[in-house]
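S.K.: In numbering that gives the first Met the number 0, the protein residues as written are 0 to 152.
You may find that some hints are simply not true.
To be verified - Heads up, simulated SDA-like pairs for lysine to any residue below, C-alpha to C-alpha not over 25 Å straight-line:
{"#": "1", "residue 1": "Lys140", "residue 2": "Val45"}
{"#": "2", "residue 1": "Lys114", "residue 2": "Phe33"}
{"#": "3", "residue 1": "Lys34", "residue 2": "Leu15"}
{"#": "4", "residue 1": "Lys35", "residue 2": "Arg2"}
{"#": "5", "residue 1": "Lys34", "residue 2": "Ser132"}
{"#": "6", "residue 1": "Lys135", "residue 2": "Gly116"}
{"#": "7", "residue 1": "Lys47", "residue 2": "Phe6"}
{"#": "8", "residue 1": "Lys35", "residue 2": "Ser74"}
{"#": "9", "residue 1": "Lys135", "residue 2": "Gln100"}
Said to hold, decoys possible - Estimated spans, in silico, between C-beta atoms of each pair:
{"#": "10", "residue 1": "Ser107", "residue 2": "Lys47", "range": "15 to 25 Å"}
{"#": "11", "residue 1": "Asp89", "residue 2": "Asp30", "range": "56 to 66 Å"}
{"#": "12", "residue 1": "Lys91", "residue 2": "His38", "range": "32 to 42 Å"}
{"#": "13", "residue 1": "Thr31", "residue 2": "Ser67", "range": "29 to 39 Å"}
{"#": "14", "residue 1": "Glu60", "residue 2": "Val20", "range": "28 to 38 Å"}
{"#": "15", "residue 1": "Ser67", "residue 2": "Val19", "range": "21 to 31 Å"}
{"#": "16", "residue 1": "Lys114", "residue 2": "Asp52", "range": "18 to 28 Å"}
{"#": "17", "residue 1": "Ser85", "residue 2": "Leu15", "range": "40 to 50 Å"}
{"#": "18", "residue 1": "Ser141", "residue 2": "Lys110", "range": "48 to 58 Å"}
{"#": "19", "residue 1": "Pro61", "residue 2": "Leu8", "range": "28 to 38 Å"}
{"#": "20", "residue 1": "Lys139", "residue 2": "His38", "range": "35 to 45 Å"}
{"#": "21", "residue 1": "Thr51", "residue 2": "Lys139", "range": "16 to 26 Å"}
{"#": "22", "residue 1": "Tyr11", "residue 2": "Ala81", "range": "18 to 28 Å"}
{"#": "23", "residue 1": "Gly116", "residue 2": "His38", "range": "14 to 24 Å"}
Everything labelled a hint here was simulated from the structure, so no lab data went into it. Predicted, not measured: the structure shown is a model, and the values here were computed from it. Each residue gets a CB set at the ideal place from its N, CA and C atoms; glycine is no exception.
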Amino acid sequence: MDRYIEFILNHYILSLALAVVTYLLIQEFIDTAFKKFSHISPLLAVAKMNDTDTLVIDVREPNEFVESHIEQAISLPLGKLADDLSKITDHKNKPVLIACQTGTRAASAGKTLTKAGFEQVFVITGGMEAWESDYKLPVKKSGLKKTKIKSTI
């Protein structure tokens with residue numbers, strides 16, 4: 000026991016790093032155990048969209064949504080999601096798919112929706128990057144980027 004204390008005192012930075020990493024791992028296990036939403040691959044998301052009345056929410060910013068989005072998706076940016084929950088309360092008992100660019104914002108939206116009482120919340124793994132690049136699934140473009148062409152004459 001004296002050797003452990005001596006090691007900790009001589010290598011306090013390593014000991015502190017070990018304590019921080021251990022804390023973060025335990026926190027991650029607890030979050031995973033108690034989360035109420037699931038992750039779903041883009042292919043399974045398509046199957047779920049085809050089989051049931053599924054709501055698809057894109058939590059990216061409007062300019063990202065306009066560039067490309069899933070065909071039936073509605074745009075509810077993550078920053079405004081808590082305020083706009085009244086628009087989608089009809090879907091509390093139905094499957095809800097959440098997409099963002101890479102999947103990180105969608106996880107935050109999943110937590111928000113499950114706290115609001117949504118029962119079947121699914122986060123699309125990899126987000127729109129996986130949807131478009133990895134799985135080559137179709138997307139819809141809402142608008143065209145307008146560029147000004149300067150005349151040289």
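S.K.: Each hint: holds or not?
M.R.: Hints, one by one, checked against the model:
Our distance criterion of 25 Å between C-alpha atoms is met by Lys140 and Val45, whose separation comes to about 18 Å. Taking the CA atoms of Lys114 and Phe33, the gap is about 12 Å. The hint holds against a cut of 25 Å. A threshold of 25 Å between alpha carbons decides the hint, and for Lys34 with Leu15 the separation of about 28 Å lies outside it, so the pair is violated. A distance of roughly 44 Å separates the Cα atoms of Lys35 and Arg2; the hinted pair therefore is violated under the 25 Å criterion.
A hinted pair counts as satisfied when its Cα atoms are at most 25 Å apart, and Lys34 with Ser132 does not qualify at roughly 28 Å. Pair hint Lys135 plus Gly116 does not hold up; C-alpha atoms about 33 Å apart against a cutoff of 25 Å. At most 25 Å may separate the alpha-carbon atoms for a hinted pair to count; Lys47 and Phe6 exceed this at roughly 54 Å. Distance check on the hinted pair: Lys35 and Ser74 sit about 22 Å apart at the alpha-carbon level, within 25 Å; holds.
For the hint pairing Lys135 with Gln100, the CA-to-CA distance comes to about 15 Å; that is within 25 Å, so the pair holds. As the Cβ distance of Ser107 to Lys47 is approximately 21 Å, the hint placing it in 15 to 25 Å holds. For Asp89 and Asp30, the Cβ-Cβ distance of about 29 Å falls outside the hinted range of 56 to 66 Å, so the restraint is violated. The hint said 32 to 42 Å for the Cβ distance between Lys91 and His38, and at roughly 20 Å that hint is violated.
At roughly 31 Å, the beta-carbon separation of Thr31 and Ser67 lies within the given 29 to 39 Å, and the hint holds. For Glu60 paired with Val20, a C-beta distance near 33 Å keeps the hint of 28 to 38 Å intact. The supplied range of 21 to 31 Å is broken by Ser67 and Val19, whose beta-carbon atoms lie about 39 Å from each other. For the pair Lys114 and Asp52, the supplied restraint of 18 to 28 Å holds, since their beta-carbon distance comes to about 23 Å.
Between Ser85 and Leu15 the beta carbon distance is about 46 Å. The supplied range of 40 to 50 Å therefore holds. Taken as a hint, the range 48 to 58 Å is violated for the pair Ser141 and Lys110, whose Cβ atoms sit roughly 27 Å apart. A beta carbon spacing of about 55 Å between Pro61 and Leu8 contradicts the range 28 to 38 Å that was offered as a hint. At roughly 23 Å, the beta-carbon separation of Lys139 and His38 lies outside the given 35 to 45 Å, and the hint is violated.
Between Thr51 and Lys139, the C-beta spacing of about 20 Å keeps the proposed range 16 to 26 Å intact. Distance hint check: the CB atoms of Tyr11 and Ala81 are about 42 Å apart, inconsistent with the given range 18 to 28 Å. Between Gly116 and His38, the C-beta spacing of about 20 Å keeps the proposed range 14 to 24 Å intact.
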